[in-house]
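Number of protein chains: 2
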Amino acid sequence: MNAYYLKKAKDNMPDCAGGTRYSDDIVELIADERAHLGVGVKPLGKNRESFVTGDRFVLDFGEHCVGILSFQLTHVQSYLDAPVCLRLKFGEIPYEIDTDFKNHRGELISSWLSEEIIYVDFPGKVTLPRRYAFRYLEVEILKTRQPVKLTDFAVHKSTSADERKMQPLPAGTDPLLVSIDSVAAKTLAECMQEVYEDGPKRDHRLWIGDLRLQALTDSCLFQNHKLVKHCLYLFAACQKDGQYLPGCLYDKPELFYDEGMGITDYALLYAVTLCDYYTYSKDMETTLDLYPVAKKQVELAASLHDEKGIITFLDGWSSFIDWAEGLKTTTAVEGVYLYTLEKMAELAEAIGKKEDAGEYRAALQKTRECAYKNLFDPQKNTFCNVYDNNQYSVQAQVWMILGGVVEGEEAWTILTQCLSNDDYIQPVTPYMHHYVVEAMIRIGRMEEALDYIKNYWGGMVQAGADTFWEVYVPGNPTLTPYGNLLLHSWCHAWSCSPAYFIRTYFVTVQNSPMH
Amino acid sequence: MNAYYLKKAKDNMPDCAGGTRYSDDIVELIADERAHLGVGVKPLGKNRESFVTGDRFVLDFGEHCVGILSFQLTHVQSYLDAPVCLRLKFGEIPYEIDTDFKNHRGELISSWLSEEIIYVDFPGKVTLPRRYAFRYLEVEILKTRQPVKLTDFAVHKSTSADERKMQPLPAGTDPLLVSIDSVAAKTLAECMQEVYEDGPKRDHRLWIGDLRLQALTDSCLFQNHKLVKHCLYLFAACQKDGQYLPGCLYDKPELFYDEGMGITDYALLYAVTLCDYYTYSKDMETTLDLYPVAKKQVELAASLHDEKGIITFLDGWSSFIDWAEGLKTTTAVEGVYLYTLEKMAELAEAIGKKEDAGEYRAALQKTRECAYKNLFDPQKNTFCNVYDNNQYSVQAQVWMILGGVVEGEEAWTILTQCLSNDDYIQPVTPYMHHYVVEAMIRIGRMEEALDYIKNYWGGMVQAGADTFWEVYVPGNPTLTPYGNLLLHSWCHAWSCSPAYFIRTYFVTVQNSPMH
Numbered sequence: 004m005n006a007y008y009l010k011k012a013k014d015n016m017p018d019c020a021g022g023t024r025y026s027d028d029i030v031e032l033i034a035d036e037r038a039h040l041g042v043g044v045k046p047l048g049k050n051r052e053s054f055v056t057g058d059r060f061v062l063d064f065g066e067h068c069v070g071i072l073s074f075q076l077t078h079v080q081s082y083l084d085a086p087v088c089l090r091l092k093f094g095e096i097p098y099e100i101d102t103d104f105k106n107h108r109g110e111l112i113s114s115w116l117s118e119e120i121i122y123v124d125f126p127g128k129v130t131l132p133r134r135y136a137f138r139y140l141e142v143e144i145l146k147t148r149q150p151v152k153l154t155d156f157a158v159h160k161s162t163s164a165d166e167r168k169m170q171p172l173p174a175g176t177d178p179l180l181v182s183i184d185s186v187a188a189k190t191l192a193e194c195m196q197e198v199y200e201d202g203p204k205r206d207h208r209l210w211i212g213d214l215r216l217q218a219l220t221d222s223c224l225f226q227n228h229k230l231v232k233h234c235l236y237l238f239a240a241c242q243k244d245g246q247y248l249p250g251c252l253y254d255k256p257e258l259f260y261d262e263g264m265g266i267t268d269y270a271l272l273y274a275v276t277l278c279d280y281y282t283y284s285k286d287m288e289t290t291l292d293l294y295p296v297a298k299k300q301v302e303l304a305a306s307l308h309d310e311k312g313i314i315t316f317l318d319g320w321s322s323f324i325d326w327a328e329g330l331k332t333t334t335a336v337e338g339v340y341l342y343t344l345e346k347m348a349e350l351a352e353a354i355g356k357k358e359d360a361g362e363y364r365a366a367l368q369k370t371r372e373c374a375y376k377n378l379f380d381p382q383k384n385t386f387c388n389v390y391d392n393n394q395y396s397v398q399a400q401v402w403m404i405l406g407g408v409v410e411g412e413e414a415w416t417i418l419t420q421c422l423s424n425d426d427y428i429q430p431v432t433p434y435m436h437h438y439v440v441e442a443m444i445r446i447g448r449m450e451e452a453l454d455y456i457k458n459y460w461g462g463m464v465q466a467g468a469d470t471f472w473e474v475y476v477p478g479n480p481t482l483t484p485y486g487n488l489l490l491h492s493w494c495h496a497w498s499c500s501p502a503y504f505i506r507t508y509f510v511t512v513q514n515s516p517m518h
Numbered sequence: 004m005n006a007y008y009l010k011k012a013k014d015n016m017p018d019c020a021g022g023t024r025y026s027d028d029i030v031e032l033i034a035d036e037r038a039h040l041g042v043g044v045k046p047l048g049k050n051r052e053s054f055v056t057g058d059r060f061v062l063d064f065g066e067h068c069v070g071i072l073s074f075q076l077t078h079v080q081s082y083l084d085a086p087v088c089l090r091l092k093f094g095e096i097p098y099e100i101d102t103d104f105k106n107h108r109g110e111l112i113s114s115w116l117s118e119e120i121i122y123v124d125f126p127g128k129v130t131l132p133r134r135y136a137f138r139y140l141e142v143e144i145l146k147t148r149q150p151v152k153l154t155d156f157a158v159h160k161s162t163s164a165d166e167r168k169m170q171p172l173p174a175g176t177d178p179l180l181v182s183i184d185s186v187a188a189k190t191l192a193e194c195m196q197e198v199y200e201d202g203p204k205r206d207h208r209l210w211i212g213d214l215r216l217q218a219l220t221d222s223c224l225f226q227n228h229k230l231v232k233h234c235l236y237l238f239a240a241c242q243k244d245g246q247y248l249p250g251c252l253y254d255k256p257e258l259f260y261d262e263g264m265g266i267t268d269y270a271l272l273y274a275v276t277l278c279d280y281y282t283y284s285k286d287m288e289t290t291l292d293l294y295p296v297a298k299k300q301v302e303l304a305a306s307l308h309d310e311k312g313i314i315t316f317l318d319g320w321s322s323f324i325d326w327a328e329g330l331k332t333t334t335a336v337e338g339v340y341l342y343t344l345e346k347m348a349e350l351a352e353a354i355g356k357k358e359d360a361g362e363y364r365a366a367l368q369k370t371r372e373c374a375y376k377n378l379f380d381p382q383k384n385t386f387c388n389v390y391d392n393n394q395y396s397v398q399a400q401v402w403m404i405l406g407g408v409v410e411g412e413e414a415w416t417i418l419t420q421c422l423s424n425d426d427y428i429q430p431v432t433p434y435m436h437h438y439v440v441e442a443m444i445r446i447g448r449m450e451e452a453l454d455y456i457k458n459y460w461g462g463m464v465q466a467g468a469d470t471f472w473e474v475y476v477p478g479n480p481t482l483t484p485y486g487n488l489l490l491h492s493w494c495h496a497w498s499c500s501p502a503y504f505i506r507t508y509f510v511t512v513q514n515s516p517m518h
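Residue numbers (my numbering), protein chains in the order written: chain W, 4 to 518; chain S, 4 to 518.
Don't read these hints as lab results, they were simulated from the structure.
Treat the hints with care, since some could be wrong.
Given that identical chains are not distinguished, each listed pair holds provided it fits within a single copy or across any two copies.
Unchecked claim - Here are the simulated lysine-lysine pairs, DSSO-like style, with alpha carbons at most 27 Å apart:
| # | residue 1 | residue 2 |
| --- | --- | --- |
| 1 | 49 | 299 |
| 2 | 105 | 146 |
| 3 | 229 | 243 |
| 4 | 152 | 255 |
| 5 | 45 | 168 |
| 6 | 45 | 255 |
| 7 | 299 | 229 |
| 8 | 298 | 152 |
| 9 | 383 | 11 |
| 10 | 105 | 299 |
| 11 | 128 | 13 |
| 12 | 299 | 168 |
| 13 | 45 | 13 |
| 14 | 49 | 13 |
| 15 | 457 | 152 |
| 16 | 298 | 369 |
| 17 | 168 | 369 |
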């Protein structure tokens, strides 16, 4: 670990706080075709307070919560002369409560399923030691000798977002945009803990890909520059000669990352995140401090280019781009490299690194030419994953556009002929959909970009999302990369960016950093 | 609650402390006919530290422990990127570890079984929130994505006994007596927490019957008079006009008792406990303070006597005496009343309550006569439970002897012809066996009393007991009042009294309070 960067990270620990949310609202889960995954909820009134063995109820906290659960467990008449055993099951969405966790099959380890069996020895306040992400809580009284009273269910919430800093959208804004913006902001706030977590239900990790979108969106919402700084320094502390930064890291109980976790596109997006950080914070000192780390990522990617000027991968180095099944990524990663070069050229100029800026611009021009020459398929009039199976994907087009290899009308034609064309691999994650929108905006297709946001993120809102999901493909609600929906994160950081688009390009917000 | 007595109880809160016991000694459970309940242990060496899903091991802490468990859970190489799920099972004896808790059937609620399934989110020190009573700990790794290291298993022990105060038995003492004394002392120390608990594994409650034997034995071992005082005041705080003190109370999270929990013999033994307290502590102030409460218990029992001078029960008032199946108790309770009268007469004299002393002595003489006249069966030459089904029991004889209704050779003849005679209900609990020994000593049968101790408590020692058990009937190891052995308390307060007998009557110990 780099001790200097680690110290800087620690000096910039964000504060986590959050109010307390109480609930005594009991709901019933009901089959409902229109509800997300077919499970809806029906209010049943208030918690009746006195329970015996076998009783079970579901509480609705009214909003997605991240935090510590507490409640009061007391005797009704006779003292509790034996431990009381409870099962507590946490769900971000009704489907999780409705589905028996025993039915979990899939690739992710089931220790992520949020369910506890606890024993309470004495009446009084019970506070669970772990943090949960949930809106619905199922309580089952597994064993008690005497009737028990269960009251004062509360979540002591945690976030490093100061929600008071968020400006409301102006009166008269399209209600769907208001909803999308609000769900996006909630999603981001829930993921903002001591780092930008990817999902507060599962992983709790700081991934560069998510960080980039979170930091960008946060700049338009809560402006927690300290949190961005903390995360940038954490990654910087992990740098090793000749290696990419790790794609993700763990900050608890202390900074840790696994060797060989370098992800080419994520390493580049670290540099992009620093560029964004300077744009929004104008914090020259931190930017100069971290600039060498960003520069190193670009150099490592540059060194991977072959004699044709196209990126290749070293053994053990990986890429991400999107979760689409079977996706080949080299062409898209080439686009990420170009996108990064352009941002780095701007940053280098802004912070007085003229020479670097010149080199970045020269590399940008040359590499764009190589990319067009070698990766564009004139017959199909789209980019192709030439270096891997000649695969065609939307992802490749989007990143070639973002890399500036094609522009304007030509780019738009390429993009439109791929989107919704089954011959092309389609975007799956909200993360990738962000870059689709960004590509549209880059080539000036503002109206289409807005429609895309309304359709895609608006689709989740209309399906009842409180927070945006880890995976969403319209019309395919059961699609999962894990073999099981139970472990999806239903509040996932990389889905939060529509608030950035709305507030930067579509709605004028008072005191917005960009207006 | 009586606020004055409650305040006095709080002012006399005992301190709980205790060292830390570490273990990395792995054992294997083995079938062993000679071992208690057929389950023995074989040492397997040291904990190997690195584990994967499905691994399981049993740690032996080398002694019975009451306290909080902690351990270190860390990654071996790759970071723990998902929660680790462990099953932890606690056993006072190997049989509990060997028996699947799922097989529990019986009358006591299974929430007393000490087993937890826990999830650990981050590597580091894990401290469980509950207190356990155990020597053996089984750990099973239910779910982990990466190998885990489990080390530094420790029990942070708790007791209010200061074991440094205990005098060793002199060199040359019969080794069996030394063992019995040592197991008894350990049993008592483990049950001495913020109150004299009946059993640290199950109940954790302060019962008057147990308290009497614990306080008496403690006076010869650790002399924690403050703890006796605390417990006496707690009961005093529960007194209500026209009602016995409750037979038991709960001290956590605050003083509580269930209405209608009066137990006639236990209420009387409260008075006896106060008499003992004065004998050992000579604390006149406390004794005078609590004397009215003791006196009230005697008055209530006196008022239950019918025109023949024999005790009867009011509806809803109960008795205990022993757990022997189908036992009828009125004759034995009559004996407890007489026993109490005698002790109270002595106390009243000692603290200057001459008039009371006279009344107690008069009542004692008159009631002894009534008892002999009405409860003795000359044909069988033993006492009979005349008021309930004419049942014959050892319990009735023992308490008539302790009540002074018969003495000397006559008493010895009565006792011997009942013990081991199947026509008489036999003692079951170590608690009742205490009073058998006390009866023998009262009539001067010292040698037989010592043999009885060696046979009865020595039998548990020879069966491998670390601490004395809740229930023990020689030759009938599977006898249970609960329908299941899993919920027996294997370290039970009312078994601790042989140390009192040994140190008071059989071995001269330096600085003993009675020598």
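Tested hints:
{"no.": "1", "hint": "49 - 299", "verdict": "neither (58 Å within a copy, 47 Å between copies)"}
{"no.": "2", "hint": "105 - 146", "verdict": "both (20 Å within a copy, 14 Å between copies)"}
{"no.": "3", "hint": "229 - 243", "verdict": "within (24 Å within a copy, 63 Å between copies)"}
{"no.": "4", "hint": "152 - 255", "verdict": "between (36 Å within a copy, 17 Å between copies)"}
{"no.": "5", "hint": "45 - 168", "verdict": "neither (34 Å within a copy, 65 Å between copies)"}
{"no.": "6", "hint": "45 - 255", "verdict": "neither (39 Å within a copy, 39 Å between copies)"}
{"no.": "7", "hint": "299 - 229", "verdict": "within (23 Å within a copy, 70 Å between copies)"}
{"no.": "8", "hint": "298 - 152", "verdict": "neither (60 Å within a copy, 38 Å between copies)"}
{"no.": "9", "hint": "383 - 11", "verdict": "neither (50 Å within a copy, 92 Å between copies)"}
{"no.": "10", "hint": "105 - 299", "verdict": "neither (47 Å within a copy, 58 Å between copies)"}
{"no.": "11", "hint": "128 - 13", "verdict": "between (34 Å within a copy, 21 Å between copies)"}
{"no.": "12", "hint": "299 - 168", "verdict": "neither (35 Å within a copy, 68 Å between copies)"}
{"no.": "13", "hint": "45 - 13", "verdict": "neither (46 Å within a copy, 49 Å between copies)"}
{"no.": "14", "hint": "49 - 13", "verdict": "neither (45 Å within a copy, 38 Å between copies)"}
{"no.": "15", "hint": "457 - 152", "verdict": "neither (46 Å within a copy, 49 Å between copies)"}
{"no.": "16", "hint": "298 - 369", "verdict": "within (18 Å within a copy, 104 Å between copies)"}
{"no.": "17", "hint": "168 - 369", "verdict": "neither (43 Å within a copy, 87 Å between copies)"}
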